[in-house]
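2 protein chains.
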Amino acid sequence: MKKFLFLAFIPLFALAQNLQPYDSIAVGIFKRALSDNKAYEMLYELTTTVGHRLSGSPQAAQAVEWSKRTMERLGFDRVWLEPVTVPHWVRGSVEHGTILARGSRKAIPIRITALGGSIGTPGEGITAEAIEVKSFEELQALGDTAKGKIVFFNRPMDRTQFDTFTAYGGAVNQRGRGAIEAARAGGVAALVRSMTTRHDDFPHTGGMGYDETVAKVPGAAISTNDAEVLSNLLKKEKSVRVTIKLSAQTMPDAESFNVVGEIRGTEKPDEVILVGGHLDSWDKGQGAHDDGAGCVQSIEVIRLLKTLGLKPKRTIRAVMFMNEENGLRGGRAYAEKERPGERHIAAIESDAGGFNPRGFGVGDSTAYAKLVKWASLFAPIGADRIELGGGGADIGPLHRTRGVPPSG
Amino acid sequence: MKKFLFLAFIPLFALAQNLQPYDSIAVGIFKRALSDNKAYEMLYELTTTVGHRLSGSPQAAQAVEWSKRTMERLGFDRVWLEPVTVPHWVRGSVEHGTILARGSRKAIPIRITALGGSIGTPGEGITAEAIEVKSFEELQALGDTAKGKIVFFNRPMDRTQFDTFTAYGGAVNQRGRGAIEAARAGGVAALVRSMTTRHDDFPHTGGMGYDETVAKVPGAAISTNDAEVLSNLLKKEKSVRVTIKLSAQTMPDAESFNVVGEIRGTEKPDEVILVGGHLDSWDKGQGAHDDGAGCVQSIEVIRLLKTLGLKPKRTIRAVMFMNEENGLRGGRAYAEKERPGERHIAAIESDAGGFNPRGFGVGDSTAYAKLVKWASLFAPIGADRIELGGGGADIGPLHRTRGVPPSG
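So the protein lines, in turn, are chains A and B.
Using my numbering, you'd call the opening residue of the first sequence number 1 and step up by one each time.
Using my numbering, you'd call the opening residue of the second sequence number 409 and step up by one each time.
Keep in mind the hints are simulated off the structure, nothing from the lab.
A portion of the hints provided could be inaccurate.
[To be verified] Among the chain B residues that face chain A by a calculated CB cut under 8 Å, a handful are:
1. 443
2. 445
3. 446
4. 565
5. 567
6. 568
[Claimed, not checked] According to the in silico footprint, chain B covers these stretches of chain A (three or more CB under 8 Å from chain B):
7. 26-34
8. 156-166
9. 376-383
Beta carbons: idealized from backbone N, C-alpha and C, even for Gly.
With these hints in hand, go ahead and build the complete structure from the sequences.
Next comes the structure, spelled out in structure tokens:
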């Protein structure tokens, strides 16, 4: 699911089957985007002046202001905020992990990080034997064996997958539901191998959930290198004890916003084509690829139209969704809001990183049939792969509740 | 000219028109390459334990040893060195530049670097008025005006080109022949805007040449940001003086090597398919993209065949060429060497960086017609764009002197 919307607005001009007049418009857009380099400049500004921006954080509020100010400064026809109530989870400063193996005199430090949404541990941490599993089925088959233990989910992402999203999809249930399944088996915590194909020392955070039917136990990611260390020790020794200390906690919900800007259509202003990304990010990096890129690309779509004096027939709307990472509240709020007299005819999301675009995935077969005819417009930049399937998390609710064809 | 040979050996198995049996072999190769991750590991080792490796430098000698040892350790059928006499240019430690403008009390430092092959300046540097031109034609039209001046070549790479090699090709003559043309116009040095589409503070080095018909004057690159500073000053003031100090010098030619390893063909061992990259690099970075990537990809081709137990009908030969950057002596020496009883039937070079591959350029129409039929084999990893045109600098001599179809 390579999802890029960088240039996705071109088909708006190409509703007629004769693409010829649009070839030169498309090339003009490509050249202007490349020469102005504004998307990269905006991304640099967002990620260095604001930085990471987890929902509910001061930085998320700054990012809302930054987005609004940026679109206003660029002269968008309308810019506004739409309120969203978001979860407010904070990591805190304590994230420590150690292995206590019999064969080793000293505790071995392991690099761990709380998964987003996790509860913290008591101040002294949780110390328990670790038990390794590769799947929920394996855990369930253990019966009572996992009781009182730290459940170590160690199924790697499949490195042989060319599409890393496929590899991610094949492993990420351990992170999303690991704490639930660990608790259900009587475990005291979930320790999940980092979601990455790399062998590295960085524990990668990401979202996890709880379930009302079982107790909440902490969930943490362990770096892939340390996961190998722990796994090897478990092969050699009967009992390997692990300590994890996390100071994460969930605060009361916070007020935040989706940030919206648009250029009004000349002929059918009430028909809206949405281009979007998500403004929130995890708190361990800068949120450049995930998903600052999608936000600035959305702004860039309208900036380019304005700069080149191109007047779309329909309204093009850039939406910076809040809270994709740990709640999807922004995507839901956007879809639920009543918008009398307005009709969304398509929604495009970019949330696969700011790479060299190769094309689009279209999650609706009718829209796909149309878009595939426009592929040649994207050939000059090698972004002409149009595939059936895909979309984006933030525009999912719009698709499900209002039938808007998603693309990404 | 996207040139990637990462997986280029697959067509060797596909000489029959029926590709079906090769589909699964190809996929097996892709998966193994991805899961082993050895190409990246080798690249990391080369670029961190050896680092940059300019022809004639101690690091270049270490890189030769590293390549030989690596291929031997991987169990290649044969590994050997082929001597090449290379130019030995050294940068030295002094690279200073300043602008002395009338409107400014203090000298403004500019970031410059000697172009590869440049002579140095006297110890006190060269101080002269700068004169800006965008082309050789503009310089020639100036008549005597450039006499005694530092000629500042400031034609940017065209950022609107999607293919950055095209943008590079449109600007690089300023670097390659700037010092010659400056001298011909009576100038005392050439100062060339860095070859990059970025606006940054890093002066980028690269090759330049001299001509026996005119005096040798120093050639230096100036960072794109400082090129803008200088250009703006020149617009405002009549006389802007620039000082450049460079300690570069050319030593006597040095002995070096092309490093060669191969897997022997089972049916036609005397028919050779060459895959190559260049081992030397410039001395300002690590030479990862240019062209450590091409070298490790070449090694990886044979490592994968060995690992998977695949036995090619023809001999596959990996060549790490020496001295692509400032002389092409390795490519020439390889082509000139007589190899009785041996026939090269194709040569593939990777020298466009270690990116996600998109396909191949083929510089021979007959070979192109064949290769294009095998495109579907590369579709699983999205590398199925086969284009007519392209090749590589190192395999150019083999193509010109022996008619070997080039690809990259």
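Here is what the structure says about each hint:
1. 443: holds, 4 Å
2. 445: It holds, given that the least Cβ distance between residue 445(B) and chain A is near 7 Å, below 8 Å.
3. 446: violated, 12 Å
4. 565: At about 11 Å, which exceeds the 8 Å cut-off, the nearest Cβ of chain A leaves the hint on residue 565(B) violated.
5. 567: holds, 5 Å
6. 568: holds, 4 Å
7. 26-34: It holds: at least three residues are needed, and the segment 26-34 of chain A offers 4 whose Cβ sits within less than 8 Å of chain B.
8. 156-166: holds (count 4)
9. 376-383: holds (count 3)
The structure fails hints 3 and 4 (numbered hints given earlier, in ascending order).
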